[in-house]
Structure formats: C-alpha cells, structure tokens
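Assemble chain B onto chain A, guided by the hints.
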Amino acid sequence: MHRLPTLLSGIFLVFLTSWLGLVAYPALQLGRLTPVADTDNGGSLPPTYGGQAIAGQRIYATEGCISCHSQQVRQTSITTSDIDRGWGVRPSVARDYLRDSTAFLGSRRLGQDLSNVGVRRPDAKWHFIHLYHPAAVCEGSLMPCFSDLFLVRKIQGQRSDDALNLTGADAPKEGYEVIPTADAKNLVAYLLSLRHDYPLPEAPVKKNGAAK
Amino acid sequence: MSDHTLPHHHPESGYLPVESKSIDASVRLPVIILFGNAIHWLVVAALLSVIVSIKLIAPGFLGGISFLNYGRLAPMARDLMLYGWASQAALGAGIWLMARLCGRPLGGKNAEGFGGMLLRTLIISATVLWNLAVLLGTLAIFAGYSTGVEWLEYPNWASAMLLLSFLLIGIWAVLLFDRRSTGRAEVAQWYLVAAFCWFPWVYGTANLLLVWKPIQASAQGPIQSWYCGSLLALWLLPVALASAYALLPRLLGSHLNRRNLATLGFWMLLMLGGWNGMDRLIGGPVPAWMTSAGVVAGVLFLIPIFMISINLLGMHRKEALVADSIPSRFLLMGLYALIVVGVIGAIASLPDVSGAVRFTAFTEAKTQLWILGAISLPLFGALYESLPHLLGRDCWSPVLSGRHYVLTLVGLGMLVVLMLLGGLFTGLALADPTVSFLNITSYSYPFHVMECVAQLLLLVAALLLGANITIALAGDYLLNKKTGK
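Going line by line, the protein sequences match chains A and B. Going left to right, the first sequence walks through residues 581 to 792 as my numbering numbers them. Going left to right, the second sequence walks through residues 7 to 491 as my numbering numbers them.
The following block holds chain A by itself, in its conformation from the complex (with noise of 0.2 Å):
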C-alpha cells in the first residue's frame, strides 16, 4: 500500500469490477442487440425513424427535454402505476432504444413520460399548440412556452396550411400566423414517432388492450 505500482494495481482491480460490469458488459451485450422481424406487418422492430425523426432527435437533446421527460415505461412486482397510467402498454427494454441515438431514459418526470407520446397523441397540430403555449391545452402545466420554435409572419396571399390555430390571447395580430419552425416540425416528427406499442420477444403485449 505505500508503493505507487502496489496502491496503483490494488485500485485498478477494485475499478475494474464496475467497469466490466457496467460498461464493458452493456458495450458488449446490450450493444449488440439487433432488431427482430415484424411478423405483422412485415420490416423490423423496433421501426425505423423517418428523416424529420432523427434530426427532432437532435431538438430534443438541445433543448434539454431530459431535464423534465423520462422515456421509460416500468412494470414490475411492485411497480405498476406506469402501465396502470396509460403511459405504455408494455415494460421498455433496451432493444427498444436500439435506434436511437441517445437513450433519453431521463431521472425525473416533472413532466410525463413520453415513450408512447406518439400512441397517446397522435396528432401533429396538438403538438405544436401545446409546444407553443402548453398551458392553452393543459391548464396549469409546468411546461415552458417553445415558441421560437414558431414563426409570427404576415400572411401572404393565402393564410398556410401548417398555421396554428390558435384562439384567445395566444392568437396573432390580425392578418399575421403563426407557423412552425422546421425544428419544431421535426422535433413533432420525433415525438410522433416515440411509440412502443410493438411487441419484442423479451417483452410480449398482452392481446385485447392493455396488458395490465
């Protein structure tokens, strides 16, 4: 213990039992998972992301959406109340981040958890209001307002199809419209795509609705 190279290999054995277990481990395993056949509908699962997709992925890391969102869905003997909530139908495991380019499994839900946010919302123009003001579609959210992620321009000729339709104190000026922002457009693409309704080998969904 009072020699460098005696000290020295005593911590490096201690640290490398973490170190195999945690890193070199999952590197080696979980990194190698692979997808499986959709023998439903054909192609692979988990799916792939459309284009819009990855770079909405790139959004939310910015944007910091891990600091209030958890993207994972728990289910054990004890630990129902994900499923029981409506947030997935199924445990997450790890295949099911195999696309991703981060795992956003998140530490905290001052938010909800969105791993089946595109199940539950379908719908795009939802998104972007509720990106835009989210206390307009869910009254006392703690969510703050994106709205740089939109556009107030005056409306050329013919008011654009991919403006909000916002109503009361949100709305814009007379003759203006808000409309989104490429990101914010992507950032929806990614959150439309966040469903894990599928069922993997490791983690089957229970036919008839919820597997509760």
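Honestly, the hints are just simulated from the structure, not real lab data. Any given hint could turn out to be false.
Pairwise CB distance ranges (calculated) [to be verified]: (1) A:Asp703 - B:Ala166: 38 to 46 Å; (2) A:Asp728 - B:Val405: 40 to 48 Å; (3) A:Ala749 - B:Pro404: 53 to 61 Å; (4) A:Gly631 - B:Leu444: 28 to 36 Å.
Here a beta-carbon is modelled for each residue, glycine too, at the ideal position from N, C-alpha and C.
Quick look at chain B alone, frame taken from chain A:
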C-alpha cells in the same frame, strides 16, 4: 491557525512535515487560481439554480426565449456545480494536500528554480484550459449545442479539453506521491491517488461511449448511470474524504486510531462506488441482475460510510478547537451529510420505495446532498484551511466565514428536507393512477416555492464566500504593494 500552536505532531496525523513553507510556495499560484475560479463558478451555478427554481413556480418567468429555457439552464447549473465548482475545488485541494502530505514541493529540488517555474506555468496553463472548457461548454448548452446526455452535456471538443487539462494537472499529484519524502503512506494519500487516477478513466470512458463515438443506444443506460455514480463516489468523494483524513486529526488536536478500519473503509468504498449509480435504473430497461445489483450496492454502500465515519468521528476531539475552527466544522458537517446521503440512498434503492420516488424530487434531494453536502462541505473545509497557509497569514474575515457556514447549512438542510418531503408526496400520488398528472403538479407547487427560498439562501452563502475570498486576495495584493514585494 499557525503551525506551532499545536502541542505535538503525531505521525498518524501526517500533513505537517518540515519545510511546509517551501511546499506551500511551490503550489501557491495554481491552487489559488483553482480555488478562486471554483468559487466564481459556484456563485454562477447558485444564481442559475435560483432562476431554475423560480421557473418551476412561474413557468413564464424569462419565458419565450430559447436560451433561457428550463431545459438549458438546469443542465448548465448542474454542470457548473460539478465541473466548475466541485471538480475544480477538488483539484486545488488535492494538489495542496498531496504536496503537503508527501513532504515535497511541486517540482522537487528545482521547485524554486527554472524547472519549478516551468512546471507551475504548465499547471497554470492547464487550469486556464479547464476554465475555458467549462466556460465554452456552458455557453454551448446555452446556445443549443447540448449533447442531451445527463451530466455530459458539454460538446465533444469541450469535454476533450476538460480531460486534457485534468491529465496535465493530475499527473503531478500522482508523481508527487511516487517521489514523496515521507515514509509510510497516509490514508488521505490513498484516496487522493485513487481519485486522480479515476477521473480520467471515468470521464474518458463515459465520453467515449456516450458522446465522442456513441455506442448503440440500447447499451447507453447502464453506462450513463455508472458515470453519474462514479463521478460522485469515485472522484469527488475521495478528495473530500482525503481532506477530512488529512486535516481533521490535526485540527482536532488528535490522531487517527484504528487504521485497519480506515483501510477496510477505503477498499469497500472503491469496490461499491462504481455500482452506486445503479439505483437510477431500478425497474428500467436493463437486465434484471443490474437492477438487483443497484439495490444491493445502494444498501451495502452504508457499510464503508459507517466505517469511515466511525473512524473519523470517533477520534478524540477537543471541543474548544472545533468551536473556533470553521474548517473543522465544515469537515465534520461533510461527514454527517455523507451519513445522511448513505441512509437516504439505501432507503431509496429499496424496490418498494424506488418504485414510488425514483423520478421525483426525492432522488434529486439525494443528488443535491451528495454534491452540496458530502462533497462540497469538506471541500469548503479544505479551502478555509489551505488559503491562510498559502498566503502566509490569517486572511479570512471571521464574520463572513461564520455567516457562510450557517447559511450553507440552513439552505442545504432546508432544500434537502423539502425535496425529500415533496418527492415523497408526489411519488405516492404518482403511484396512484387515479390522480391526474396535472393534479400532482399542483401538489408540488408549495414545495417548489420553499425550494426557491432555500436556493436563494445558498446563493447568498455563495456570495459571502465570494466576498470573503475576494477580500482575502485583494488584501494580499495590497499588502504586497505596501511592502514593495
């Protein structure tokens, strides 16, 4: 606080070999730069924490401006606390303690010559690089370039700068140990060697696999948790404990008995420290054995904590010495905070409890107590103890130091208790699917208001420390000018 007031110097209390003046002189500038910058980041982090906590009460506060959103400010505050303040203060305390404990000035025999000057210039450049990395990394999150990986939000170039800077500084701490002039190694020295070896490994591995060359995301969860646990338990905590082991015996006019307990505590802490973060994944998308390992490690972690506390708190102390000494009060409080952290961690990793509180403020309370309590309090102790030695005079304002101590404890205690309670309430409500999510949000409102008050107290405490060190250093500058140095 000067050296000769102590009745005797027991070999086990280490720390005070001959020639301490030349040793202090050899590390003075780098250590003061590290501490000074650490404190200014602490103030910024505390300010951001206040803004973040206001945003939980009034989501519209500073709203609609992308770079001031909660999702950007919260990781900025956390990373500044970890890398700007705690890691940097740990580097400063670590270098000073190592040089003292090894009885050897930085640069060895050439400390006062050209070689020593060159070495100091190198280390000072590395500290500049560290602070540049923290500054640019923070600005990158601010500007929307965060990686989105918790605690590793800095972009790849900033994290690479941080690692390089650490290597340039840390290598000298390890080399000092190798060439020490004292014989038997102190407990504090083991902790320091371990900490200085681990940071590069932990930080390098995690960045490599999560940021620089991300591994397939199905494997990222365990690595993220391992990183968060290891950063606290294997880098910052060992430096905090080294400060306690090195300074407390001397400050309390006592000496460490039961060295076997210290040895066992050291190795058990190392063994379990890496597994300590796994309670972040209980019930999550990882193999079941990892979850079980998380539960077991969370509970077993209490054993080394108790061993270390019994070892250090069991020392015979002269109460009069404690009452007068801010450093020893901070160091002792840090140990008490560590015990509480251990107990909370053990409770939170029980499957029943974890199922309810894992995603609530309860878990956040534990993290806060880790960083601001078990780690920061001993580092404050080391800071208060080292600066008078480095400057060669009693430089602290006793009023400011005393207020800083009280406000830190009150603010931290308030924050942690509120978050534990708030987390427990929201956790129980979350476990009941008939309670709507927005209802739960409204339950936590009063807690968020009080948390904001606690964060304000911590900001004032940080400002007091900032004022104190500014006066201390400015006083030194003026003094030098007067005496024509």
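Cross-check of the supplied hints:
With their beta carbons about 43 Å apart, aspartate 703 (chain A) and alanine 166 (chain B) fall inside the hinted range of 38 to 46 Å. As the Cβ distance of aspartate 728 (chain A) to valine 405 (chain B) is approximately 45 Å, the hint placing it in 40 to 48 Å holds. Against the hinted window of 53 to 61 Å, the Cβ-Cβ separation of alanine 749 (chain A) and proline 404 (chain B) comes to about 54 Å, which satisfies the hint. Checked against the given bound of 28 to 36 Å, the beta carbons of glycine 631 (chain A) and leucine 444 (chain B), roughly 34 Å apart, stay inside it.
Checked against the numbered hints given earlier, the structure satisfies every one of them.
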